[in-house]
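J.: Using the sequences provided together with the hints, build the complete structure.
Chains as they are written, first to last, in the numbering used here: chain A, 28 to 427; chain B, 278 to 647.
One thing to keep in mind: the hints can contain errors.
Cross-link-like lysine to aspartate or glutamate pairs, in silico, DMTMM-like; alpha carbons within 20 Å at most [what the hints assert, rightly or not]: (1) K566(B) <-> E317(A); (2) K320(A) <-> E411(B); (3) K254(A) <-> E235(A); (4) K598(B) <-> E317(A); (5) K209(A) <-> E235(A).
What follows is a list of derived Cβ distance ranges for each label pair [stated by the list, open to error]: (6) S562(B) <-> K408(A): 34 to 40 Å; (7) D295(A) <-> S346(B): 28 to 34 Å; (8) K438(B) <-> K424(A): 56 to 62 Å.
Read the hints as simulated data drawn from the structure, not as lab findings.
On a predicted model such as this, the values are computed, not experimentally measured, just so you know.
Heads up, the beta-carbon is just placed ideally off N, CA and C, and yes, glycines get one too.
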Amino acid sequence: MMRKKKCVAMLLAGGQGSRLYALTNNIAKPAVSFGGKYRIIDFPLSNCVNSGIDTVGVLTQYQPMILNNYIGNGQPWDLDRNFGGVHILPPYQGKNSSDWYKGTANAIYQNIRFMSQYNPDYVLVLSGDHIYKMNYALMLNYHILNNADCTIAAINVPIEEASRFGVLNTNADGSIYEFEEKPKKPKSTLASMGIYIFSAEKLYKYLEEDNANPNSSNDFGKDILPKMLADGQKMMAYEFEGYWKDVGTIDSLFEANMDLLGDNPKFDVGDNSWKIQSRSPLAPPHFIGEGAKVDNSIIMSGCEIFGTVENSILSSDVIVKKGAVVKNSIIMGDVKIEEDAVIEYSIIDENVSISKNARVGQPKTDNKGIAVIGRNTVIGKDAIVEGGKIIDKDVVKEDK
Amino acid sequence: MRAVGIIFSNIHDHNVPELARIRTLGSIPFGGRYRLIDFPLSNMVNSGIDTVGIITKSNYQSLMDHVGSGKDWDLTRKDGGLIILPPFGDTDSSSLYTSRLEALKGITNFLFRADEEYVVMTDCDNVSRINYNEVIEYHIRNRADITLVYKKFERGTYPAKNATTFDVQDGRIVGVNYKERLQDEYSNVFTHVFVMKKSQLLNIVLDSITHNKRQFMADVIAENVDSLKIMGFEHKGFYAGITSLQAYYDSNMKMLNADVRHEVFGDRSVFTKIRDSAPTKYGNSAIVKNSMIADGCVIEGEVENSILFRNVKVARGTVVKNSIIMQNTVLGENCTLNCIITDKNVSIRDRKVLSGSENHPFYIGKGIMI
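T.: Given below as C-alpha cells:
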C-alpha cells in the first residue's frame, strides 16, 4: 500500500517583493526579518506544523540563498521528517524543456510530481508574505464538509480598503459566485487572503489545462480560479477572523512589526498555544548597560544596549552605544549603532553600521515617510539620511 | 578525530547542594540561557572532538533532557557523537560508583570501542573557555604521560578555601596536594581537565581494578609524580569555579562585566539547547540597568545588576536587584528582591519583600510559591 498524506502544503516563496525595495535587493521576501526573531516565512511554516500539516514544498526562485540556508533541513519547525517534511523546490531543468516559474500556477504545475509522491487528497497553497496565525485544519474541515473543489480563505476588510484586494462575492451559504480583482466599487468586504485549498485531482487537472493554454498568464488569481468558477466547480469562501497582514510594502511591514508592541498588542507572538517557531540565533542573553533606557520595545538575544531604545524592535546582536537613540524603528540583526547616532522612524536591515553622530530618518510627524537602510551598508560619521529615503549603498557625510 | 571526550556530570554535586538536589551539577542553569555542561561540551566541540561520553550517576533526567541527541552541539553523528554513560552495574555488585576511578571502570567498553588516540576528561564545576587542542599539542610536544590543566590563583581569589593544587617545576607537576586552606601567595589550582593517551587511561583503570585503587588523584596521580611524566598546562583565560552557592552567584554576576562576557560569549560558540521563546518585551514602565536578560521575558518593573533567564515576568512596580532569576519565574506587582536566587518556576506574589545579602544570597527552590 502506498503511504499517503491527507494534505500537502505548497508555499509560494519565489516573489521578488519589489515593493520592499532595498530590503529585498538580495533576499527573497519570505526571508525578510520580522518581529526581532522571526522571518516572514516562519508564520506560514509554523501555521502548517501547528495545523498538523507536516509536508511542505517551498517554491523558491528569486534570490533563494538566504531563504534556503534559513530553512535548511527544517529541523527548527520539526519538519525534518522521513516521509514528508519541508522541501525547497527551485525551478529545474527538464529533458525537453526548462523554465523559470512563469507564474504562481506554473510554479505549482512544475511540481505536480512532488505533490503526487505523497498521494494527497488536498493541496494547500500558501504565500510567503503574510503575518498571521491560522489553523489550516479548520479550513480543511470546512472544505471537506462543504464538499468543495476549492476553498479560499477570506477576511473582512473595511469597505474603503476592499478595492486594494481581490474581493470574493458570495452567496448566503458561503459559496463564491464572482471574483473581482481590485474592484473600484466593491460589492463585498471579503478579501482573498491568497490561501487556497484544492482537492488534489481537481488542482492537477486545472494546472494541466492551464499549462496547455498559451494565452494564460499561469496565475492562480487571474487564470485558475476564474476558470474553475466559470466551469461551475464548487468554490467556497472560508471566513477567517483574527490578525492578518500582507507585509508586501515598507509601510505594512513597519506597521505589522509595531503591532507587536504595547501591553495588549494587536498581534501576540508570545502566546504559547500557537507557537511561532524559528531558527534561533546562537547568542547569549542580551545585555542592558548602565545608563541605558529601554521603553516599550522588543529586544532579542545578543544585543548590547547602552543608549536609548523606544518603541522599537531589535533583532539579535544589535549594539546600541552610549548616547545613541533609537526611536520608532525596526533594527534587524547584527546592526551596530555608534555613539550619539540617532535613528528615528526607520527600518535598518541586517549587518548595517551607523557611525558616530549619524542621523537616520525623521519623526513620523514630519510626514517624510520611513527611512530604509539596505543590508551590508555603512552610514558614515555625521552623515544624514532624511526621512523616507531608501538607501542601498554606503553614505558619507556630504561636504558643503 | 584524535581525541575522545569524557565529561563527568555529577562529580562535585555536593559543591552546590541547593541547586544540585534535583539535577546534576552539569545541568545547573547559568548565565541566562546556559547549563554548566554547555561550557565543557562546547569546548570539546570547538576543539574538534566529536565523540563525547557524558558520565552520569544520579538525578540525570534534567541533563538528558538538556543534551538530548546532541543535535544543538552538532554531536548527532553516525559514528561517535554524544553518548550518555549512566552507571554500569555488574550482576555481582549493585552499588553505584563512588569515585572518578570507579566511574571510569564502568566505561571501559566505551573506551575500548573508541578509535581515538587521546582522551580529554573534564568536569562541570567551572565556567571557562579552554581550547583542548592546545592542551593536546602541549601534551604531545612534552612527551607527557598525563597532562593536567591548572589555573594560577593569587591568595584570596579562589572562591573556595580548599582545593587540589600542584607544585609545578618547568611545566612538570612534581607534587599534588589537597589543601584545606590556600595560604600560599599563589596556588596552582587543578581545573579537573585531564589529557592522556587512551591506552594510558585504560592501563590506569585496569591496573586500579587489579590493585583495588579508588582515588584517581590520590592513588594514581599523586603516587606517580616521579614514575610518570605529568605535565601541568596553565589556563590563562577566564575561569569561574562553581565551588559553592556563593561562588555560583558571584560567577553569574561576573557575566555582567563586558570583558568577561565578551571573552566567554564573544565568538558565539557556546552552544546550548535551543528553545523557542518570543523575544523579550519591555513595557512603558520598565527600567533596566546593567543586566543580562534572556529571550521570552516580559519586563514592566525595574531590574538592576541581575540575570534573568528565559520567560521571566517582572510586573509593574517590582524592583529586582543583584539577583539571579531562573526560567519561568513570575514576579507579581510591587515586590522587592535583592540578592535572591530563584530556581525555575518560582512564583512570588504581589508586594513581597525578599532580601539576601551580597555575601549570602538567598535561594528559593524550584516551583516554590511565596
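J.: Taking the hints in turn, state whether each one holds.
T.: We went through each hint and held it up to the structure:
no., hint, in the structure
1, K566(B) <-> E317(A), "holds (5 Å)"
2, K320(A) <-> E411(B), "violated (42 Å)"
3, K254(A) <-> E235(A), "holds (13 Å)"
4, K598(B) <-> E317(A), "holds (13 Å)"
5, K209(A) <-> E235(A), "violated (27 Å)"
6, S562(B) <-> K408(A): 34 to 40 Å, "holds (35 Å)"
7, D295(A) <-> S346(B): 28 to 34 Å, "holds (32 Å)"
8, K438(B) <-> K424(A): 56 to 62 Å, "holds (59 Å)"
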